[in-house]
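So you can see what is in the structure, the chains are spelled out below.
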Amino acid sequence: MYTTIKASFISEKCVHCTKCIDDHYCEFNALTWDEENEIPIIDYLKCEGCGACKVLCPEHAFEIHPVKSGEIISYENNYGTLLIYGKTQLGSTTSGKLVSEVKEFAKHSDKYNNSNLTIVDGPPGIGCPVIAMLSGLNYVIAITEPTPSGLHDLVRILELVEQFKIPFSIVVNKADLKSPFQKKFKKYVKDTEYKILGKIDFDYAIPEAMSYAKPVVEYAPQSKASIAIKKIYEKMKKELKKL
Amino acid sequence: MHKLRNGSKLKEGTNKKGKKMDNIVVGIVSGKGGVGKTTLTASLALLASKDEEFIPII
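Line by line, the protein sequences are chains A and B. Heads up: the first sequence begins at 108 in the working numbering, then just goes up one per residue. Heads up: the second sequence begins at 949 in the working numbering, then just goes up one per residue.
Warning: the hint list may mix true and false statements.
Lysine-lysine pairs mimicking DSSO-like chemistry, simulated, CA-CA at most 30 Å apart [to be verified]:
id, chain 1, residue 1, chain 2, residue 2
1, A, Lys342, B, Lys980
2, A, Lys348, A, Lys285
3, A, Lys348, A, Lys297
4, B, Lys980, A, Lys306
5, B, Lys980, A, Lys321
6, A, Lys293, B, Lys998
None of these hints come from the bench; they were simulated from the model. All of these numbers come straight from a predicted model, not from anything done at the bench.
Put together the whole structure using the sequences plus the hints.
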């Protein structure tokens, strides 16, 4: 079980002074006043568990408690590989902390000592969970597509990866998209001289494999996507040997 | 002791060839969602699990 902290209210201690609202104790606007019962109400989706209300209330009518905000799940998949992932509850915060805890959980699993390769499926974006995920990585594969948003977000993620000084390479998915943007994308790759680990052309085998909940290299091993991924895998091995 | 799919067992800290190993951590990232991170992760992990050189976890 994965926990974060949230505020709770002890109505017996409240003297109904409305100070918590008037003096704006909560920076996250998690406190509102219940006119009927003359007590503050905590909005748990907004509460960050910072503890300001607990410190500021002269009557000590607020407490901070750990609450379940997600789970870490681990099991051996059909291929005998240990799969560990984290699941946050709807509206819960600190997903970066969950990522860190999933990594710690993995390191303490029995199978970790017997494994020699950990593949981390990163969260999207460049926010807190991605930063938590990047810490401690030996190698990064940045996957993108030759579209305006693909390039825009590739630039952002690579800026972040470079700050961590982690060696990386790029995989271009849907590489054969007929788009006027292709030229700009190719120019970016040429100008930056970033290493392209491989390209995967658009292939219906991928969505089909997903609908059968199978990796494409198993569902359609002879598909062009699978062949491209196998080449990427071989190149990745070579890159890892250089580390 | 790690048990392989064929029933044989591995010494701790060695790969399927019995060679000493360190755990390498590879991250698949993208600046946005929906570009194929999970598709690539699943496929690479499956290929690694079939490869004598690696014992992967995801």
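Do the hints match the structure? See the list:
1. A:Lys342 x B:Lys980: At roughly 24 Å apart (the allowed maximum being 30 Å), Lys980 of chain B and Lys342 of chain A satisfy the hint.
2. A:Lys348 x A:Lys285: Measuring from Cα to Cα gives roughly 35 Å; hence the hint is violated.
3. A:Lys348 x A:Lys297: Given that 30 Å is the threshold and the Cα spacing comes to 25 Å, the pair holds.
4. B:Lys980 x A:Lys306: holds, 18 Å
5. B:Lys980 x A:Lys321: Holds, at roughly 23 Å.
6. A:Lys293 x B:Lys998: Violated: Lys293 of chain A and Lys998 of chain B sit about 34 Å apart, past 30 Å.
Figure legend: structure checked against the earlier numbered hints; hints not met, in rising order: 2, 6.
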